[in-house]
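There are 2 protein chains.
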Amino acid sequence: METLAKIEDINQPRVVIVGGGFAGLELARALRNAPMQVVLIDKQNYHAFQPLLYQVATASLAADSIVSPFRKILDGQDNFYFRLAEAICVDTEQHLLETSIGRIRYDFLVLATGATANFFGDEQMQRHAITLKSVADAIELRNTVLSNFEQALQLGDMEKINSLLDFVIVGGGPTGVEIAGALSELRAHVFPRDYRELNFKEMDIHLVQSGPALLKGMSAEASQKSLEYLKHFGVQVWLDRRVKSYDGYTVTLNTGEKLITRTLIWAAGVTGSPIKGLREDCLLPGNRYAVNEFNQVAGYDNIFALGDIAAMRSELYPEGHPMVAQPALQQGRLLGQNLERQLKNEPMQPFRYDDKGSMATIGRNHAVADIKLFGRDLRLGGFIAWLAWGFVHVVSLVSFRNRLIVLLNWAYSYFSYDKGLRYIIGTRKVLPPVEDTQDKAIT
Amino acid sequence: METLAKIEDINQPRVVIVGGGFAGLELARALRNAPMQVVLIDKQNYHAFQPLLYQVATASLAADSIVSPFRKILDGQDNFYFRLAEAICVDTEQHLLETSIGRIRYDFLVLATGATANFFGDEQMQRHAITLKSVADAIELRNTVLSNFEQALQLGDMEKINSLLDFVIVGGGPTGVEIAGALSELRAHVFPRDYRELNFKEMDIHLVQSGPALLKGMSAEASQKSLEYLKHFGVQVWLDRRVKSYDGYTVTLNTGEKLITRTLIWAAGVTGSPIKGLREDCLLPGNRYAVNEFNQVAGYDNIFALGDIAAMRSELYPEGHPMVAQPALQQGRLLGQNLERQLKNEPMQPFRYDDKGSMATIGRNHAVADIKLFGRDLRLGGFIAWLAWGFVHVVSLVSFRNRLIVLLNWAYSYFSYDKGLRYIIGTRKVLPPVEDTQDKAIT
Chain W
54 METLAKIEDI NQPRVVIVGG GFAGLELARA LRNAPMQVVL IDKQNYHAFQ PLLYQVATAS
114 LAADSIVSPF RKILDGQDNF YFRLAEAICV DTEQHLLETS IGRIRYDFLV LATGATANFF
174 GDEQMQRHAI TLKSVADAIE LRNTVLSNFE QALQLGDMEK INSLLDFVIV GGGPTGVEIA
234 GALSELRAHV FPRDYRELNF KEMDIHLVQS GPALLKGMSA EASQKSLEYL KHFGVQVWLD
294 RRVKSYDGYT VTLNTGEKLI TRTLIWAAGV TGSPIKGLRE DCLLPGNRYA VNEFNQVAGY
354 DNIFALGDIA AMRSELYPEG HPMVAQPALQ QGRLLGQNLE RQLKNEPMQP FRYDDKGSMA
414 TIGRNHAVAD IKLFGRDLRL GGFIAWLAWG FVHVVSLVSF RNRLIVLLNW AYSYFSYDKG
474 LRYIIGTRKV LPPVEDTQDK AIT
Chain R
54 METLAKIEDI NQPRVVIVGG GFAGLELARA LRNAPMQVVL IDKQNYHAFQ PLLYQVATAS
114 LAADSIVSPF RKILDGQDNF YFRLAEAICV DTEQHLLETS IGRIRYDFLV LATGATANFF
174 GDEQMQRHAI TLKSVADAIE LRNTVLSNFE QALQLGDMEK INSLLDFVIV GGGPTGVEIA
234 GALSELRAHV FPRDYRELNF KEMDIHLVQS GPALLKGMSA EASQKSLEYL KHFGVQVWLD
294 RRVKSYDGYT VTLNTGEKLI TRTLIWAAGV TGSPIKGLRE DCLLPGNRYA VNEFNQVAGY
354 DNIFALGDIA AMRSELYPEG HPMVAQPALQ QGRLLGQNLE RQLKNEPMQP FRYDDKGSMA
414 TIGRNHAVAD IKLFGRDLRL GGFIAWLAWG FVHVVSLVSF RNRLIVLLNW AYSYFSYDKG
474 LRYIIGTRKV LPPVEDTQDK AIT
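Chains W and R, in that order, give the protein sequences.
With the numbering used here, the residue at position 380 of the first sequence is 433, and numbering never jumps.
With the numbering used here, the residue at position 262 of the second sequence is 315, and numbering never jumps.
In short, the hints are calculated from the structure, not lab data.
Note that beta-carbon positions come from the ideal geometry of N, C-alpha and C, so glycine has one too.
Incorrect hints may have been included.
[Said to hold, decoys possible] Beta-carbon label-pair distances, calculated as ranges:
1. L461(W) x P245(R): 28 to 38 Å
2. H242(W) x L369(R): 42 to 52 Å
3. H242(W) x R246(R): 35 to 45 Å
4. P245(R) x I424(W): 25 to 35 Å
5. T305(R) x D131(W): 33 to 43 Å
6. V447(R) x H242(W): 21 to 31 Å
7. G322(R) x D128(W): 34 to 44 Å
8. G322(R) x K409(W): 56 to 66 Å
9. T303(R) x P485(W): 40 to 50 Å
10. H242(R) x E274(W): 31 to 41 Å
11. K329(R) x L461(W): 22 to 32 Å
12. V448(W) x V447(R): 22 to 32 Å
13. R456(R) x K409(W): 19 to 29 Å
14. L461(R) x S449(W): 28 to 38 Å
Here chain W stands alone, though its shape is the one from the complex:
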């Protein structure tokens, strides 16, 4: 008794994929010619290109430019079925996945649910901070930034005005660095034109990083250059600092400094999004599933985990692979081949991560890139890295339409120094009000 009405051929084995991020989508595509039913469930009906979420948040791109509906991507794939649903728990005995739309039988279950922001149990922080893990988050951040400035126009008290103009970004990884760079561009070229009545010399952008260097997964050169670039763009970088608390107004660092902001962007730790019903001992710290070299979850033959939610520990990667797009894509592709091998009773092939390098962009004309090319390590910076970053991201977008629209938007922004998408549509973060004694000052 299960819930997938209207899927006719029940004589084929069925793989159920939970989550259509890089890993899940790539797996679904890899199975296009497999004699299997491929059922993808996701809370959204679209794949979002996460590396560009920060550009949606900073009014460079519209949300629609970086998302593609699953049904459209996999249009011609006859064995593919999508269901808009949330996974609730697994019955590993009966091979049933309990979801928000009912139970779904599986022969193979693939968990590709990704990761969410980790606030390490700090509920106050969680309530007040803005994260950047989904399209909804990105839209909320954009709306919040713009609403802040609209509100600031009505205030007289300088500290209150500054609390709306200033931003604190927690986490010096690619997301944190890229948001800081994008905000500094907006401060230099866009906001002063839009809000002539505000003084954007008062707008401070703080980036708080717990370790001694930015972009810790990258080379020392990249860390050093990104720090230089951020300083060049006027971002205040706080190294070796942690945020102790945030009450929606005052950020307190572990070293005692206090920063005032109504907008704290949390780009620090992430944690896996596991599902109920699996043995507890297969879940590692950080909520990632321990998987073997075939991405099988420890203790199961027919349950797999891919991407951010999977920790495939090895000598080279003792804590599993970095939680970025490349391992997810490569694992998805290999699992597709391995499932086909299983059907033919051939042995599965183990996963070998082909690290192509990593990159981060920091405002106009500046980026850093560590690239592995023909076995050699290239360290790029500045304009060349920025072009490489743009090229890699455009070609990685899922559809031709999105590639074209993103390119056009970037070309427009580049030559006009403008970010066109400064509208408030949808929700914004609403924090408890702070009283302003000089509110509603006279003209």
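Guided by the hints, dock chain R onto chain W, whose structure is given.
Only chain R this time, still in chain W's reference frame:
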């Protein structure tokens, strides 16, 4: 004591415009060189191009393609100030406008608040119907249509499935006709590919029109042709019918027929959105302000109404001008000139409506257009009218960026028979659930 902190020069007269639709925005632009402070308030921070809302609702265009932030449009205009606020009431004695952000003093007040859907007091209808007057409405309709189909996949009972696949559109004006055409295109080319498990022969599109003809403001030829086109596309048109009631599931017509749908799109009557504080006798039936030939609200020298909210009654237009873009734009432009004339103590010029005609599109390659060209009446139909419609709408968009993006999207949709923007982002209409006895049927 008022609320516009940070506007420095108080020695200039100030015109306060409420609402940044076609009329309000055109007025603000027309005053670009006037020695006045131009203050625009609006509930949104962007101008929306209403004639293309239906394309957002039907996944042809992204919302961002048809909106432009006010601050960006009026970037270089030094005398322009925008405030994100809602007007509450007017104190005509003190020349103060009460808003959600406080009181604003005015020398000239211009009401350009437009119109909203009119349900003629039917609260049940209002609760269950979807309107199409704002960007939020359009996004809600798109999300609702897509969510319906996702839900239909889970049902076994044919009537319940049909209630999710069928659409009832009330109102045979341009909006109703255009939505019906767009839905029929989706039914023919897009949905069957996306939802192979559903039978789109079961999807019915009903258009209910109270009078004997569609597009009643247009020529008899246009009415006749639009009816033919809709029938060609398989839309069921119910002429001379009114909707008596709708409970979220069953639509009952005044002639007794019943239609089943979870999605009723209300594109019938509209009513003005007046503001409190003005004399009651200046408000006509339909909630439009009686204005003279200078758009002055009856009984006031320095309060004006423009566009949909204004009824300038004349021999040719005994009930005021049609509630469409052209009168709004022309009135906004003229009022700009007239306010400048007032400052120079010159007499104001009366408004003369230059009717350029009207048009409506009905699905792929089909449109009707009544065009006035060099004093001659042209009646166009078919492909020519469809090209004319596209041309007029693209050049009317506010920014070059939007023109380009809309053109690209249209070209893409035209050649691929696809509508790319089929994602569910944001809210959707949630009606009370209907129990499905065969729910969760077995594979």
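Discussion item. Given the hint of 25 to 35 Å, is the C-beta distance from P245(R) to I424(W) inside that range or not?
Written reply: violated (44 Å)
Fill in: Cβ separation of L461(R) and S449(W), checked against the hinted range 28 to 38 Å
violated (20 Å)
Fill in: L369(R) and H242(W) - C-beta distance against the hinted 42 to 52 Å
holds (50 Å)
Discussion item. Can you tell me whether the CB distance of R456(R) to K409(W) sits inside 19 to 29 Å?
Written reply: Given range 19 to 29 Å: violated, Cβ gap about 38 Å.
Practice prompt. Using the beta carbons of V447(R) and H242(W), state whether their distance is inside 21 to 31 Å or not.
Written response: holds (28 Å)
Worksheet item: For the pair H242(R) and E274(W), does the Cβ-Cβ distance stay inside 31 to 41 Å?
Response: violated (52 Å)
Item to complete: Evaluate the given range 40 to 50 Å for the C-beta pair formed by T303(R) and P485(W).
Response: Between T303(R) and P485(W), where Cβ atoms are some 45 Å apart, the hint holds.
Worksheet item: Taking the beta carbons of V448(W) and V447(R), is their distance inside 22 to 32 Å?
Response: Check passed, 29 Å falls within 22 to 32 Å.
Item to complete: Given the range 35 to 45 Å, decide if the beta-carbon distance of H242(W) to R246(R) lies inside it.
Response: holds (42 Å)
Discussion item. Quick check: does the Cβ-Cβ distance between T305(R) and D131(W) fall within 33 to 43 Å?
Written reply: Roughly 42 Å apart at Cβ, these two residues keep to the hinted range, so it holds.
Worksheet item: Between K329(R) and L461(W), does the beta-carbon spacing fit 22 to 32 Å?
Response: violated (45 Å)
Item to complete: Could you see if the CB distance from L461(W) to P245(R) stays within 28 to 38 Å?
Response: holds (31 Å)
Of the hints listed earlier, those the structure fails to meet are numbers 4, 10, 11, 13, 14, in rising order.
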